[in-house]
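Chemist: Sequence:
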Amino acid sequence: MNLVSQRSGLPASSIYWHFKDKDELIAAVIERHFEQWVRALDEAPAVRGARSQDEAAREQFAGNRRALARFPDFVRLGLMLLLERRPQEATARRKFMEVRRATQDRLRQAYRIDFPELDEAGVGALVGLTIALADGFFIAQEAGEGELEAAFELMGTAILGAAKELAGGGRPTKEKAS
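Residue numbers (our numbering): 1 to 178.
Simulated from the structure, these hints should not be mistaken for laboratory data. Glycine included, each C-beta is placed from N, C-alpha and C at the ideal position. Keep in mind that the hints are not guaranteed to be accurate.
Unchecked claim - Distance windows between CB atoms, simulated: (1) Asp-119 <-> Glu-55: 31 to 39 Å; (2) Gln-104 <-> Arg-32: 17 to 25 Å; (3) Gly-144 <-> Glu-84: 15 to 23 Å; (4) Asp-119 <-> Met-80: 33 to 41 Å; (5) Gly-168 <-> Arg-76: 36 to 44 Å; (6) His-18 <-> Glu-120: 19 to 27 Å; (7) Gly-161 <-> Glu-24: 27 to 35 Å; (8) Gly-9 <-> Gly-168: 19 to 27 Å; (9) Arg-108 <-> Asp-21: 42 to 50 Å; (10) Arg-66 <-> Gln-104: 17 to 25 Å.
Sequences and hints are given; from them, build the entire structure.
Modeler: As structure tokens, then:
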């Protein structure tokens with residue numbers, strides 16, 4: 001809180017007037033940045049027209065990457081909270097889990113439209129794959145081991161391939177993985 005006070009130029013008492021503790025402050029940062037990210041996604045031009053399903057999906061992934069690059073703080077904070085599981089930040093962790101579920105719901109809705117040939121299990125598998133890839137690519141970028149633009153292009157290829165496999169009756173199983 002001292003660092004927040006120094007950087008904001010506000011006395012700690014002013015910060016505590018709005019937030020009970022650091023946990024509530026972090027939860028508010030996550031919520032605010034998530035809302036900004038969602039607005040950026042919603043304001044992006046619609047991906048429609050004479051494009052193929054592949055082109056439209058790739059453009060959507062590029063838009064998601066651009067929005068994430070503008071508002072990375074909620075992901076950075078949230079992933080740290082998920083991995084650390086510190087009891088002193090329970091409110092912030094719950095807030096990140098809430099925005100993560102909201103992100104999964106948005107993906108689920110989009111994938112139902114983009115891939116109508118998939119059943120709910122297939123849509124769920126794509127959502128899980130998308131979140132896992134995005135988390136991993138974000139961490140790799142933070143570690144200086146990757147760059148989001150190329151990673152999200154690759155993710156688009158992976159999701160489209162997975163959707164085609166799932167639509168053809170394929171399911172991720174141990175037998176197929178080996």
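Chemist: Are Gln-104 and Arg-32 spaced within 17 to 25 Å by their CB atoms?
Modeler: holds (20 Å)
Chemist: Is it true that the C-beta distance of Gly-9 to Gly-168 lies inside 19 to 27 Å, as the hint says?
Modeler: Hint violated: Cβ distance 59 Å, outside 19 to 27 Å.
Chemist: Does the hinted range 15 to 23 Å hold for Gly-144 and Glu-84 at CB?
Modeler: holds (21 Å)
Chemist: Within 27 to 35 Å: is that where the Cβ-Cβ distance between Gly-161 and Glu-24 falls?
Modeler: violated (42 Å)
Chemist: Regarding His-18 and Glu-120, is the given constraint of 19 to 27 Å on their beta-carbon distance met?
Modeler: Roughly 42 Å apart at Cβ, these two residues miss the hinted range, so it is violated.
Chemist: Between the beta carbons of Arg-66 and Gln-104, is the distance compatible with 17 to 25 Å?
Modeler: holds (20 Å)
Chemist: For the pair Gly-168 and Arg-76, does the Cβ-Cβ distance stay inside 36 to 44 Å?
Modeler: Given a distance of about 37 Å, which is inside 36 to 44 Å, the answer is holds.
Chemist: Given a hinted range of 31 to 39 Å, is it respected by the beta-carbon distance of Asp-119 and Glu-55?
Modeler: violated (25 Å)
Chemist: Confirm or reject the claim that Arg-108 and Asp-21 have a C-beta distance inside 42 to 50 Å.
Modeler: violated (34 Å)
Chemist: Could you check the hint for me, namely that Asp-119 and Met-80 are 33 to 41 Å apart, CB to CB?
Modeler: holds (35 Å)
Consistency note: the structure conflicts with the earlier hints numbered 1, 6, 7, 8 and 9.
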